[in-house]
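Asker: Read off the chains here:
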Amino acid sequence: MVETTDKYKQIALELLKEKLGKFVYGVTVTEKLDHNEEASLFFEAQLDETAPSDLGSDFVFSHLYLRRELESRGEMRFPYLATKRRGTTTPGDIILRSDHGSATRRKAS
Amino acid sequence: MIDALLQIADELLSQTDVSESHLRRATSTAYYAAFHALCKMLASQIVPDENSELFVRLYRHVNHNQLDGNKALFKISDETNAIRTQLDDLRQRRIEADYIPAKFPYEIVQVKDFVNSARTVVALIRSLTENDRIALAVNLLIGTSKQRAVG
Chain A
7 MVETTDKYKQ IALELLKEKL GKFVYGVTVT EKLDHNEEAS LFFEAQLDET
57 APSDLGSDFV FSHLYLRREL ESRGEMRFPY LATKRRGTTT PGDIILRSDH
107 GSATRRKAS
Chain B
5 MIDALLQIAD ELLSQTDVSE SHLRRATSTA YYAAFHALCK MLASQIVPDE
55 NSELFVRLYR HVNHNQLDGN KALFKISDET NAIRTQLDDL RQRRIEADYI
105 PAKFPYEIVQ VKDFVNSART VVALIRSLTE NDRIALAVNL LIGTSKQRAV
155 G
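Top to bottom, those sequences are chains A and B.
With positions in the first sequence counted from 1, the corresponding number in our numbering is that position plus 6.
With positions in the second sequence counted from 1, the corresponding number in our numbering is that position plus 4.
These are computed hints drawn from the structure, not numbers from a lab.
Possibly wrong hints are sitting among the right ones.
Stretch-level coverage of chain A by chain B, calculated; a stretch enters the list once three of its residues show a Cβ under 8 Å from a Cβ in chain B [stated by the list, open to error]:
id, segment
1, 53-63
2, 81-91
Beyond 12 Å from chain B on every Cβ pair, some chain A residues (computed) [to be verified]:
id, residue
3, T10
4, T11
5, I17
6, Y31
7, D40
8, H41
9, R73
10, R74
11, E77
From the three backbone atoms N, C-alpha and C, an ideal C-beta is built for every residue, glycine too.
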């Protein structure tokens, strides 16, 4: 449902900017089944280069507030929340070997 | 064991040659660190002696399914609600890591965030107030009063 996910993206972006930080510059959301085959929402918060490496309890509580905000709107699907960081340059962001075939070098976005 | 699991997850991600299997193991290990922290909280709340048989029985009482659709168990405080939300999320990533053969969809930096979330959950569990610990332990052992009334 495009209208719903667009609305949820906006809600999540505003909430995460406020609760997590202004380094959240975008949000994506995908509707799909989770491990229990229950309809769920998979949010991905896009973070810019100024995001701290450890989001700590701010992330954990932002996730809770997002869940509550959606529940208050009658949305009972569980909102999974992951991060996607932009412009990370640490050596650990490079995956040197794939387990799916020949060796590859892939830089994390 | 809990801190050791988190350390292992960190070490898996700090290898010079990180493969998808490292990411999968780090994700799974992070979830289990948080899950074990919950088990330990429950058991130690009732039986202080970690070497006793009763402690082990209580420790093993918590099961992963209690995290599914049982949010009433954690509806005690912001902290317990946050713990439940994050355990749910980490469990989903753990199942993707352990059982889904398709290419693992997360990058190192994302898995690092999973590990950090697990570390935060462990800290939250350890810092719960006495009242929250008692209420959560009771809920995990015998359910909420509403559930018992229905049952």
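Asker: Take the hints in turn and mark each one as holding or not.
Answerer: Outcome of the hint check:
1. 53-63: With 5 residues close enough to chain B, the hint holds.
2. 81-91: Since three or more residues must qualify, the claim that chain B covers the segment 81-91 of chain A holds, with 7 doing so at under 8 Å.
3. T10: holds (21 Å)
4. T11: Holds, because the least Cβ-Cβ distance between T11 (chain A) and chain B comes to about 19 Å, which exceeds 12 Å.
5. I17: holds (16 Å)
6. Y31: holds (16 Å)
7. D40: violated (5 Å)
8. H41: Per Cβ check, H41 (chain A) is inside 12 Å of chain B; nearest 4 Å; violated.
9. R73: violated (5 Å)
10. R74: The claim breaks: R74 (chain A) does not keep its Cβ more than 12 Å from every Cβ of chain B (closest is about 8 Å).
11. E77: violated (10 Å)
Hint compliance for this structure: hints 7, 8, 9, 10, 11 are not met, and every other hint is.
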